[in-house]
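Peer 1: The residues making up each chain are set out below.
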Amino acid sequence: KAGVTQTPRYLIKTRGQQVTLSCSPISGHRSVSWYQQTPGQGLQFLFEYFSETQRNKGNFPGRFSGRQFSNSRSEMNVSTLELGDSALYLCASSLSGGGIDTQYFGPGTRLTVL
Amino acid sequence: TQLLEQSPQFLSIQEGENLTVYCNSSSVFSSLQWYRQEPGEGPVLLVTVVTGGEVKKLKRLTFQFGDARKDSSLHITAAQPGDTGLYLCAGWINYQLIWGAGTKLIIKP
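Heads up: the sequence lines are chains A and B, in that order.
The opening position of the first sequence corresponds to residue 1 in the working numbering, with each subsequent residue numbered one higher.
The opening position of the second sequence corresponds to residue 1 in the working numbering, with each subsequent residue numbered one higher.
All the pointers check out, no bait thrown in.
According to the in silico footprint, chain A covers these stretches of chain B (three or more CB under 8 angstroms from chain A):
| # | stretch |
| --- | --- |
| 1 | 35–49 |
| 2 | 89–99 |
Partner residues are not named here, just some residues of chain B that face chain A (Cβ under 10 angstroms, in silico):
| # | residue |
| --- | --- |
| 3 | 6 |
| 4 | 30 |
| 5 | 102 |
Just so you know, the hints here were simulated from the structure itself, not pulled from any lab data.
Backbone N, C-alpha and C fix where the C-beta goes; we use that ideal spot for every residue, glycine too.
Modelling step: build the complete structure from the supplied sequences, incorporating the hints.
Peer 2: Set out below in structure tokens:
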């Protein structure tokens, strides 16, 4: 069974631009969660989608948004990029989400904002 | 302020030594998980502890969940260079996964 895939793996943008990251979950998984990982703040929860609905949201500004498609693939968008948005963005998929079952993480997208 | 305080942040020891990593909080978690992350990869789940006082063993790794479900520890016996990595604890609270800052572990041959 293929694992969680994220594209692109690396991205360089400049301040003020916007970016879209993509996550393909493991086949059959309906929950996709997104996390931001930085050296200073560690891993922080962004949001979780289940069956195309945002079910849970972390404490991030509205510039961070996401969506999930009917095939469970998910995208995350960051608008008006700031230097502090430079981070590793991880997505994780699970069957049901919410801590009930195991989350499987993708390799992440490394975003650098210049 | 981290909801989950993980210590130590960095540990470098010789092969064969024992070590313990701690994860503490003032909050009660429905479950607590330990992950290991290698450079360029996402975290990989090692174990989930659910019941207060629970002890789980994974080869040379022993995980314990505190009686009050507020803290956990990871003990590695006879560490090996292959144990090198970033160890993360994370707890489920209100359907969100809250993470510790991580312990960067280096085992020198």
